[in-house]
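Asks: Sequence:
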Amino acid sequence: MVGTTLLRPLEWYLFGEDPQLGLEKLQQGSGSSQLCGRVFKEGETTYTCRDCAIDPTCVLCMDCFQNSVHRNHRYKGAESQLEDGLMERARMLFQVLFKYTVDMLVWEEGQELPAELQPSVKEDTYYCVLYNDEHHSYDHVIYTLQRSVQCDLGEAQTHTNLIDKEGRRAVKRGTLQACQEAKQAIQSNSEHISLQPLRVEILHSAVMAHQSFALRLGTWFQQVVNYSVGFRQVFCQVSLQAALDPELHCLISRLMLCDAKLYKGARKIVHDLIVCSLLMETEYKRLFAIEFAKNYKQLQEDFINDDHERSISVTALSVQIFTVPTLARQLIEEGNVVKVIIDTVMEMLSEHLDDNNRFHFQGYNSERFFRIQVVFHDLKYILISKPTIWTERLRQQFLEGLRAFLGMLKCMQGMEEVKRQFGQHIEVEPEWEAGFSIQIQLRHTLSMFQDWCTADEELLLQGYKECYNTLMSCTNQPFKSEEIDTHMCNHVLHCKPYKVSQDPVSIHLPISRLLAVSGIMGESELLSKLLLCLLRYILISKPTIWTERLRQQFLEGLRAFLGMLKCMQGMEEVKRQFGQHIEVEPEWEAGFSIQIQLRHTLSMFQDWCTADEELLLQGYKECYNTLMSCTNQPFKSEEIDTHMCNHVLRCKPYKVSQDPVSIHLPISRLLAGLYVHLCRSGAINRLHEYLPAGCDIAYMVEYPLRCLVLAAQVAAEMWRRNGLSLVSQVYYYQDVKCRDEMFDKDIIMLQIAASKMDPNHFMILILQRFELFEFFNRSTVSRDKAEDAQKKRRKLENSGKALPPPDPPEFLPAFANIVNVLNCDVLIHVLRTVLRRAVETSGKLWTEAMIQRVLHLIGQGLLEEKQQLEANREEVAFDFSLKARRIEHGKSLLTFLEKLKLVPPLEAQKDMITWTLQVEARALFFF
Numbered sequence: 001m002v003g004t005t006l007l008r009p010l011e012w013y014l015f016g017e018d019p020q021l022g023l024e025k026l027q028q029g030s031g032s033s034q035l036c037g038r039v040f041k042e043g044e045t046t047y048t049c050r051d052c053a054i055d056p057t058c059v060l061c062m063d064c065f066q067n068s069v070h071r072n073h074r075y076k077g078a079e080s081q082l083e084d085g086l087m088e089r090a091r092m093l094f095q096v097l098f099k100y101t102v103d104m105l106v107w108e109e110g111q112e113l114p115a116e117l118q119p120s121v122k123e124d125t126y127y128c129v130l131y132n133d134e135h136h137s138y139d140h141v142i143y144t145l146q147r148s149v150q151c152d153l154g155e156a157q158t159h160t161n162l163i164d165k166e167g168r169r170a171v172k173r174g175t176l177q178a179c180q181e182a183k184q185a186i187q188s189n190s191e192h193i194s195l196q197p198l199r200v201e202i203l204h205s206a207v208m209a210h211q212s213f214a215l216r217l218g219t220w221f222q223q224v225v226n227y228s229v230g231f232r233q234v235f236c237q238v239s240l241q242a243a244l245d246p247e248l249h250c251l252i253s254r255l256m257l258c259d260a261k262l263y264k265g266a267r268k269i270v271h272d273l274i275v276c277s278l279l280m281e282t283e284y285k286r287l288f289a290i291e292f293a294k295n296y297k298q299l300q301e302d303f304i305n306d307d308h309e310r311s312i313s314v315t316a317l318s319v320q321i322f323t324v325p326t327l328a329r330q331l332i333e334e335g336n337v338v339k340v341i342i343d344t345v346m347e348m349l350s351e352h353l354d355d356n357n358r359f360h361f362q363g364y365n366s367e368r369f370f371r372i373q374v375v376f377h378d379l380k381y382i383l384i385s386k387p388t389i390w391t392e393r394l395r396q397q398f399l400e401g402l403r404a405f406l407g408m409l410k411c412m413q414g415m416e417e418v419k420r421q422f423g424q425h426i427e428v429e430p431e432w433e434a435g436f437s438i439q440i441q442l443r444h445t446l447s448m449f450q451d452w453c454t455a456d457e458e459l460l461l462q463g464y465k466e467c468y469n470t471l472m473s474c475t476n477q478p479f480k481s482e483e484i485d486t487h488m489c490n491h492v493l494h495c496k497p498y499k500v501s502q503d504p505v506s507i508h509l510p511i512s513r514l515l516a517v518s519g520i521m522g523e524s525e526l527l528s529k530l531l532l533c534l535l536r537y538i539l540i541s542k543p544t545i546w547t548e549r550l551r552q553q554f555l556e557g558l559r560a561f562l563g564m565l566k567c568m569q570g571m572e573e574v575k576r577q578f579g580q581h582i583e584v585e586p587e588w589e590a591g592f593s594i595q596i597q598l599r600h601t602l603s604m605f606q607d608w609c610t611a612d613e614e615l616l617l618q619g620y621k622e623c624y625n626t627l628m629s630c631t632n633q634p635f636k637s638e639e640i641d642t643h644m645c646n647h648v649l650r651c652k653p654y655k656v657s658q659d660p661v662s663i664h665l666p667i668s669r670l671l672a673g674l675y676v677h678l679c680r681s682g683a684i685n686r687l688h689e690y691l692p693a694g695c696d697i698a699y700m701v702e703y704p705l706r707c708l709v710l711a712a713q714v715a716a717e718m719w720r721r722n723g724l725s726l727v728s729q730v731y732y733y734q735d736v737k738c739r740d741e742m743f744d745k746d747i748i749m750l751q752i753a754a755s756k757m758d759p760n761h762f763m764i765l766i767l768q769r770f771e772l773f774e775f776f777n778r779s780t781v782s783r784d785k786a787e788d789a790q791k792k793r794r795k796l797e798n799s800g801k802a803l804p805p806p807d808p809p810e811f812l813p814a815f816a817n818i819v820n821v822l823n824c825d826v827l828i829h830v831l832r833t834v835l836r837r838a839v840e841t842s843g844k845l846w847t848e849a850m851i852q853r854v855l856h857l858i859g860q861g862l863l864e865e866k867q868q869l870e871a872n873r874e875e876v877a878f879d880f881s882l883k884a885r886r887i888e889h890g891k892s893l894l895t896f897l898e899k900l901k902l903v904p905p906l907e908a909q910k911d912m913i914t915w916t917l918q919v920e921a922r923a924l925f926f927f
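In full-length UniProt numbering, the protein residues as written are 1 to 927.
What the hints contain is simulated information worked out from the structure, not anything from laboratory work.
Pairs of lysine-lysine, DSBU-like flavour, derived with a Cα cap of 30 Å:
1) Lys866 - Lys910
2) Lys261 - Lys294
3) Lys891 - Lys910
4) Lys891 - Lys901
5) Lys99 - Lys268
6) Lys165 - Lys99
7) Lys297 - Lys165
8) Lys844 - Lys899
9) Lys99 - Lys297
10) Lys891 - Lys866
11) Lys297 - Lys268
12) Lys99 - Lys122
13) Lys844 - Lys910
14) Lys264 - Lys294
15) Lys122 - Lys261
16) Lys910 - Lys899
17) Lys891 - Lys844
18) Lys264 - Lys99
19) Lys99 - Lys261
20) Lys883 - Lys910
21) Lys165 - Lys268
Simulated DEER-style distance windows between Cβ atoms:
22) Leu6 - Glu181: 31 to 39 Å
23) Gln184 - Pro246: 37 to 45 Å
24) Gln852 - Gly423: 33 to 41 Å
25) Arg147 - Leu257: 34 to 42 Å
26) Lys901 - Gly423: 40 to 48 Å
27) Glu334 - Glu638: 43 to 51 Å
28) Thr282 - Asp152: 50 to 58 Å
29) Glu181 - Tyr100: 26 to 34 Å
30) Val428 - Lys910: 45 to 53 Å
A virtual CB, placed ideally from N, CA and C, is assigned to each residue, including glycine.
With the hints as constraints, model all of the structure from the sequences given.
Replies: Following this line, the structure appears as structure tokens:
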């Protein structure tokens with residue numbers, strides 16, 4: 001009846017004649033799009049070409065799939081060929097009808113209809129309308145209806161099924177008073193079952209009629225826009241036309257902003273209409289994307305507060321927009337959308353920031369937190385297509401987004417620190433899943449940020465700088481004492497004391513790991529990684545041509561990204577529990593969830609930074625500055641001197657086992673990744689133009705080193721009183737889902753420090769943080785004390801064959817100095833001490849596993865020396881064999897090796913000892 005009485009006359013007016021004849025003429029006189037425009041229903045079969053589908057959303061209906069050859073998915077609609085009169089009628093009709101549709105769909109309870117829409121005979125008839133929600137089950141609604149509106153079981157079930165399908169249902173018709181009584185009864189009865197009452201509205205019968213007709217118009221619009229490309233273009237123009245009042249939104253924006261208030265049936269019609277109209281035309285899809293980005297923050301906030309699934313939210317259209325390479329670049333360049341997305345996340349997570357500006361997810365709302373994590377998908381979508389052409393504007397906007405991302409990582413850096421429990425076991429396991437949930441969500445995002453930073457050398461350097469500065473600015477993991485000098489083997493390391501076994505430590509170090517990961521792969525590996533991103537996240541390559549605006553917008557997005565990383569840097573610190581077991585397990589899942597969400601985003605930021613050298617340098621600068629600005633992990637004591645082997649290290653004391661420590665270090669890890677990109681691209685030679693020459697390497701490596709110490713101490717069961725939450729965090733820290741953006745990047749940061757620091761100072765710092773300095777530096781050891789502290793020796797399976805280490809790999813030039821660690825006095829002293837104790841003591845201070853590692857390191861040192869000598873280098877300073885023969889206290893390292901063959905418990909190692917002595921003897925012929 002509606003079609004005959006109301007819709008048919010509209011089509012007569014539109015065509016100016018019989019609609020059937022007008023449609024035939026229209027189809028004869030104009031072309032049609034290669035896209036059929038079909039809107040799929042839920043559960044309908046779709047087809048995807050495995051060879052050429054751009055992404056998972058690139059699907060065809062059955063007819064189109066069978067009739068196409070899949071040679072080009074970038075279809076363009078035919079040009080409009082509407083006659084002037086037909087176009088003018090269509091424009092006027094669409095303006096009136098679509099405005100009417102929008103007004104009726106966004107209608108609120110209690111509003112009065114305008115005079116022109118009032119019925120000629122006004123009736124005192126109202127409807128009590130019950131809406132669908134996700135808080136009440138079928139049985140709850142059925143029970144409430146039976147109690148409230150006196151309907152039988154069958155009628156209540158019918159109402160409930162229709163409410164679930166369409167989103168709402170009129171369950172009572174009558175006077176205003178009768179409907180109000182029904183409303184109160186429904187809310188009262190439902191509130192007894194659930195804390196939240198059912199949503200009920202009272203609407204006048206005229207309003208209900210208009211809203212029902214508005215829905216039919218929505219379906220009619222879908223039909224009309226598929227008649228002709230011209231009709232579709234006119235509809236797009238009308239829906240995007242700016243309102244006369246500048247404070248008002250265009251019609252399509254009004255619908256989007258009210259999406260969360262619409263019921264399910266209205267949402268589906270609106271979304272289908274957007275898909276078959278605005279998303280079918282390239283130019284209008286671009287304009288719609290701009291409107292979507294302008295309202296992005298409000299749309300996401302509405303979705304977070306909504307209780308419906310994302311599949312029926314307008315925010316789900318982001319995949320249709322952000323995965324288009326040209327749209328993604330334009331939104332970054334003109335709308336700085338990377339920063340917008342990150343700022344949206346930060347605003348939603350701000351309630352979880354503690355006094356140190358780090359995330360702390362204790363007592364978080366799991367449902368709300370899950371919805372917030374969905375926003376990270378949009379960050380991956382926008383970064384999937386790394387630009388191949390970089391403008392200066394794009395570069396700057398990406399860096400701005402990276403800064404915002406680093407700001408978020410700064411809040412994760414060191415979050416949810418744990419401290420080793422002494423005495424009594426921890427009483428209540430702390431929450432940890434939230435932290436790791438974020439880590440997992442950021443996993444791909446971090447890689448994508450890094451991938452973007454590799455777009456050129458300049459971007460990589462800039463990204464590294466931003467990450468480094470963010471890491472350096474982290475003050476949420478303070479030392480509790482001043483730097484001291486640590487002496488060993490005539491070397492001195494100046495650093496702050498810290499013990500993982502006593503100080504708080506955090507697994508979350510996204511910034512530190514971001515610094516460590518980028519550029520570690522070769523060109524083919526980068527290409528493979530990019531192809532995986534294309535297949536998995538609907539992305540094309542980064543720009544090859546960068547405009548100045550694109551560069552600036554990218555840098556701005558990088559800054560926003562770094563700002564987010566800064567909030568993650570050192571978040572959720574933990575402190576080792578002594579005595580009594582921890583009472584309440586801290587939340588940790590949210591922090592790791594963010595880390596996982598950001599994983600690809602970080603990679604894409606780095607990849608964009610590698611677009612050119614300038615962008616790389618700018619990105620590195622932004623990252624470095626963000627790291628340096630982190631003040632949420634301060635030392636709590638002054639520097640002291642540490643002496644060992646005639647070397648002195650001046651550093652601040654810190655103990656992981658006593659002080660707070662955080663696993664979340666996104667800025668530190670981003671800085672490490674960008675640094676490797678600098679080395680691969682050669683931009684490292686220009687780094688001094690962007691950053692001061694004396695970068696604080698010891699500070700850069702401090703927090704990743706703490707994480708590694710924490711993992712080792714947890715494995716040694718020193719943190720048992722901190723409960724299962726810490727064990728789970730360390731597990732995810734090293735698990736395949738997180739390790740590439742966490743554990744692996746921490747290792748890379750250690751490599752960076754080993755290549756830049758004095759090797760003896762580096763070894764002293766390692767011994768200090770692992771709290772082994774006294775173990776290797778004291779002249780005598782209390783046997784009783786050592787027996788109490790030492791675990792039972794593990795018995796390994798015997799082997800009759802030597803298993804020598806492989807030939808050492810050749811490092812990149814910037815990492816070439818790492819091999820000097822094998823040749824430093826402190827390491828030789830450590831190796832000699834272990835062998836001496838194996839020969840001279842009863843076996844309580846060493847294990848066979850320790851001897852295996854010592855033999856492996858000695859073999860590596862000898863093989864490295866052999867390689868350098870065989871390379872015919874003019875000056876070889878690597879003299880491992882000579883230092884091994886150096887006599888101290890009447891004995892050398894080789895002397896202990898000879899005696900080691902006589903130790904009965906080491907019978908299985910005799911072949912390896914013999915091989916080591918043979919290699920050492922051959923090395924002497926070269927001198």
